[in-house]
Each structure stands twice: as C-alpha cells, then as structure tokens.
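With these hints in hand, go ahead and build the complete structure from the sequences.
Residue numbers for the sequence shown follow our numbering, so the first one is 8 and each next one is one higher.
Bear in mind the hints are in silico, worked out from the structure with no lab data behind them.
Treat the hints loosely; a few may be bogus.
Stated by the list, open to error - Computed spacing ranges between beta-carbons, pair by pair:
{"no.": "1", "residue 1": "Asp87", "residue 2": "Thr33", "range": "16 to 26 Å"}
{"no.": "2", "residue 1": "Val39", "residue 2": "Ala83", "range": "31 to 41 Å"}
{"no.": "3", "residue 1": "Arg49", "residue 2": "Pro74", "range": "15 to 25 Å"}
{"no.": "4", "residue 1": "Ser46", "residue 2": "Pro74", "range": "18 to 28 Å"}
{"no.": "5", "residue 1": "Ala21", "residue 2": "Asn59", "range": "12 to 22 Å"}
{"no.": "6", "residue 1": "Arg49", "residue 2": "Gly80", "range": "33 to 43 Å"}
{"no.": "7", "residue 1": "Met32", "residue 2": "Leu78", "range": "14 to 24 Å"}
{"no.": "8", "residue 1": "Ser45", "residue 2": "Leu78", "range": "19 to 29 Å"}
{"no.": "9", "residue 1": "Val39", "residue 2": "Asp87", "range": "29 to 39 Å"}
{"no.": "10", "residue 1": "Glu84", "residue 2": "Arg42", "range": "31 to 41 Å"}
{"no.": "11", "residue 1": "Ala83", "residue 2": "Val31", "range": "27 to 37 Å"}
Quick reminder that beta carbons are idealized off the backbone N, C-alpha and C, glycines included.
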Amino acid sequence: MPRVPSSAAAHVGAKIAEFRKRNVMTQDQLAVASRIDSSNIRSYESGRAMMNVHSLVRIAEALGVEPGEILDGVTAEMFDAPRPSVGFSA
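Below you can see the structure in the form of structure tokens.
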C-alpha cells in the first residue's frame, strides 16, 4: 500500500467515507464487502495512504458507485500538495 501524504489521498479518503456513510456501513463492513483489510480502509479514509487501482475498483463495487465518483475532483496538482494536517491539542 503506497504511503502518499497528499491532499489527493485526503480527498479520496473523504469521498470513500462519505459513500460508506451513505450506505450505512462501518469500516469493518466495507472491508469485508471489498475484501480489503480494515486497517487499509482506515488508512485510506484518513488520507494516510492512497490505494491502487485494484483496491479502488473493489471499494467502489462494495459501495455501489463507479470508481470515477470516488476520484471526482482529484487533480494532478493535489498529488504535489501536502495533506492538510489536523491539529490536536493536548
């Protein structure tokens, strides 16, 4: 699983989470339906990793959407942009 801390990974992860919630699925349910380990689903949704095409197709099929719907809005420039950081206060 390629580690890509980019705004593209964050955007794609947010789309996956959006579609998953629309389908009233947990991350574990999506993992089973897509035959992808749940830790990978969590990494994708959090934007810590970008999936390969095979995983993208599996996830899209499990969510009942086209792969392009998950990629909608992604631009080449997003791969060069750093992933937005989420600040946590102690």
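Lying within 12 to 22 Å: is that true of the beta-carbon distance Ala21 to Asn59? Check passed, 19 Å falls within 12 to 22 Å.
Looking only at beta-carbon atoms, does the pair Val39, Asp87 fall within the given range of 29 to 39 Å? Cβ of Val39 to Cβ of Asp87: about 34 Å, so the range 29 to 39 Å holds.
Arg49 versus Gly80 beta-carbon gap, inside 33 to 43 Å or not: The hinted range 33 to 43 Å is violated for Arg49 and Gly80, with Cβ atoms some 22 Å apart.
Glu84 and Arg42, beta-carbon distance inside 31 to 41 Å? holds, 32 Å
Tell me if the beta carbons of Ser46 and Pro74 are separated by a distance inside 18 to 28 Å. Holds - the Cβ-Cβ distance for Ser46 and Pro74, about 22 Å, lies within 18 to 28 Å.
Asp87 paired with Thr33, Cβ distance criterion 16 to 26 Å: violated, 33 Å
Is it true that the C-beta distance of Val39 to Ala83 lies inside 31 to 41 Å, as the hint says? holds, 33 Å
Outcome for the supplied range 15 to 25 Å, where the beta carbon pair is Arg49 and Pro74: holds, 20 Å
Can the suggested window of 14 to 24 Å be confirmed for the beta-carbon pair Met32 and Leu78? Distance hint for Met32, Leu78 holds at roughly 20 Å.
Quick one: are Ser45 and Leu78 within 19 to 29 Å, going by C-beta? holds, 22 Å
Within 27 to 37 Å or not, the Cβ separation of Ala83 and Val31? holds, 34 Å
The structure fails hints 1, 6 (numbered hints given earlier, in ascending order).
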